[in-house]
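Visitor: The lines below spell out each chain.
Protein chains: 2
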Amino acid sequence: MRETDLIPKLTKPAQIEPDSGIVNVAMYGFGRPGIIAFWAGEGNLPTPGAFYRPVGESLAKGETFYTWQRGIPELREALAAYHTRHFGRNFSSENFCVTGGGMQAIQIAIQMLAADGDEVIIPTPAWPNYAGPLRMQGTVPVEVPMLFRDHRWSLDLDRLFAAAGPKTKAIVINSPSNPIGWCGTREDLIAIRDFARAKGIWIIGDEVYSRFYFGKDGAKRAPSFLDICDTEEQLVLCNTFSKNWAMTGWRQGWIQVPKALAPVAERLIQYNTSGSPVFLQRGCAAALEHGDAFVDQQVATARKNRDIVAETLRPLNRIHFQMPDGAFYFFFAIEGMKDSLTTARRIVDEANVGFAPGAAFGAAGEGFLRMCYLKDEDKLLEGLERFKNWLANHDPN
Amino acid sequence: MRETDLIPKLTKPAQIEPDSGIVNVAMYGFGRPGIIAFWAGEGNLPTPGAFYRPVGESLAKGETFYTWQRGIPELREALAAYHTRHFGRNFSSENFCVTGGGMQAIQIAIQMLAADGDEVIIPTPAWPNYAGPLRMQGTVPVEVPMLFRDHRWSLDLDRLFAAAGPKTKAIVINSPSNPIGWCGTREDLIAIRDFARAKGIWIIGDEVYSRFYFGKDGAKRAPSFLDICDTEEQLVLCNTFSKNWAMTGWRQGWIQVPKALAPVAERLIQYNTSGSPVFLQRGCAAALEHGDAFVDQQVATARKNRDIVAETLRPLNRIHFQMPDGAFYFFFAIEGMKDSLTTARRIVDEANVGFAPGAAFGAAGEGFLRMCYLKDEDKLLEGLERFKNWLANHDPN
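Chains as they are written, first to last, in my numbering: chain G, 365 to 761; chain U, 365 to 761.
A hint or two may mislead.
Note that the list lumps identical chains together, so a pair holds whenever it fits in one copy or between two copies.
Stated by the list, open to error - Pairs of lysine-lysine residues, derived as PhoX-like cross-links and limited to a Cα-Cα distance of at most 25 Å, are as follows: (1) K376 <-> K743; (2) K531 <-> K563; (3) K531 <-> K376; (4) K373 <-> K623; (5) K752 <-> K373; (6) K531 <-> K373; (7) K580 <-> K668; (8) K563 <-> K580; (9) K425 <-> K743; (10) K623 <-> K376; (11) K373 <-> K563; (12) K563 <-> K376; (13) K752 <-> K584.
None of these hints come from the bench; they were simulated from the model.
With the rest of the complex left out, here is chain G (with noise of 0.2 Å):
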């Protein structure tokens, strides 16, 4: 049979569904000489031996058969402790579960929350991820864009809230945010809560980039819902190993539920991978257990790449940015620029440096691309400055 003739034959969302532009551009480029790639959401440091050494003396010891779908009780308990510390008062493991990377636990939420017609609101820009698994299922991401006026983002609540209607359940909250490193101040999310609670409706928070912080107000992380909410309210938290340990490539992650939710969780984890490796969940332990120093370090990094970034852009001509309060990554524009997937590709071909294109953020993305700066300095040195030198002599369009 010819592929013509196989595609129609899948689901209509199947059929349709775009590839995303991070991966479109992060193909293209992919594997050429010399390549500075800043398109990826990850750092540039391998997996502490600390956390990946757990692995091999579990596999040692023969830990490689079934077991709890909603992971061994050490995990779930070191994740409780990992909440009690980070957040300030206790947390009971009934309330985690742990899944295959925090994509994973986010398509968890959204088929426990929402199905075929109903909506879901996500402010955006946005990791195009919510989107992507929410049209699979035939559910509709309802995007509210947010302002970028004197180089600041802005996400209008009334805006927000009015966008909500009959066949919302969900209201998707990245704080600090992928792509523009935005964080919501406390009040932000009691109001987001208080309309939440208001509507009856879910709150689903993805806080994975909470350590990243770089407020004015010199928290060590940034608001989180966890300070305003009831462990047993309408809040689903969807989080990874990835970005604070350095394990993007390990794909652990959890989801934090009511406790009522949890065996609905975990019916869900059974019929998708069936749960996670004991001895990778032993690493995870290990980063929780063990990771405090590494994190803080990956942070530091972070605060200093952030500033070389600001520092290189800020007299650019034709480009436009917010500093990031958290995260890892620059948003910025490049002024007249009207396609930013063709000007990724181009940056690619022209300059041999690698952005993630705005578009694939949402419309409100158009005009802007994404840099991951968690990078070796001489790299982001030379990748910035080729950029310079491109910018310098090139059209955008």
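With the hints as your guide, set chain U onto chain G.
Guide: Using the frame of chain G, we list chain U on its own:
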């Protein structure tokens, strides 16, 4: 908020999907001192060192970053080579995507092929994890009960085909089958292929137990759709590293699709686990490349154990079963048993032996219990002895 207030705020399928009966008994009996558990579908051996040592080597080399979401080229090439070796013709790596277990392969297959309101046909008794994820996405699993007569299960093809209506998108064929050990003949598979072609519907093939085959034809593996289908037709095969290579806890598998579907499967993988860890894929490649002798030894153990179980059960009053032609389960009826879940839990309490309840495998499975027999011989004999004594002294109801 109280638990009872939260559950009605979930999607309908998430509210009503029951626990698997297998998990129910396993959780009931898990951790009891001295229990001999035959409920799970896994063997007695941990993963051999030859398969897990590459994991530690890869971690030490720093292979801990994001990678190809459809799997690293080396593993996809190893899958092609493995199939070329065992299925007697050439296979291309372009037809394979690596998944987070065979279960995730099934989830991705059904997300591609059937939507809300569509129907998928499943001969039963069948592993409950086909119907579960279908229900969770609003697709209707249509059971076609197989017939147990004269100690033999048979699949009535006319009845199978009669179940296909205008909403039917796919037929699931699991051969060798879990739980009954049924194996489709080449003629069965041809008839199903021809029917699917004529109707333009998909075959979802689960040939996970292909190598565990005890057919009278002396072949080293069961008849396969790969013997009789083109790679570019409406066939999706879901598979796993779990059973052949003692890697149940690894949660690694693969999906074999027409080339046109590989980018679609990759997108669904992206929105789920976003790929498998490179370091686990190194271990999976080692299993494919160096694991043939291990599989042969496992199959020999399974065959020997099968005969032991048959010789023990055959003389017993009230016990009926088909001698399995493949896989590593006995599915046996206890005459007069009305509720297999209740009885399975009673046998945990009264004999300290664990079986999976037949009702978990569909209506056609009520009255039966499933036993995984790929166990250490001393445990197998002790467990059978306990069951014999229980049967002699208890009524099943």
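Visitor: A separate judgement is required for each hint: does it hold in the structure or not?
Guide: How the hints compare with the structure:
no.: 1; hint: K376 <-> K743; result: neither (43 Å within a copy, 50 Å between copies)
no.: 2; hint: K531 <-> K563; result: within (11 Å within a copy, 37 Å between copies)
no.: 3; hint: K531 <-> K376; result: both (21 Å within a copy, 14 Å between copies)
no.: 4; hint: K373 <-> K623; result: between (40 Å within a copy, 14 Å between copies)
no.: 5; hint: K752 <-> K373; result: neither (48 Å within a copy, 51 Å between copies)
no.: 6; hint: K531 <-> K373; result: between (29 Å within a copy, 12 Å between copies)
no.: 7; hint: K580 <-> K668; result: within (15 Å within a copy, 70 Å between copies)
no.: 8; hint: K563 <-> K580; result: neither (33 Å within a copy, 65 Å between copies)
no.: 9; hint: K425 <-> K743; result: between (40 Å within a copy, 21 Å between copies)
no.: 10; hint: K623 <-> K376; result: between (35 Å within a copy, 18 Å between copies)
no.: 11; hint: K373 <-> K563; result: between (39 Å within a copy, 12 Å between copies)
no.: 12; hint: K563 <-> K376; result: between (31 Å within a copy, 19 Å between copies)
no.: 13; hint: K752 <-> K584; result: neither (33 Å within a copy, 63 Å between copies)
When each numbered hint is compared with the structure, violations occur for hints 1, 5, 8, 13.
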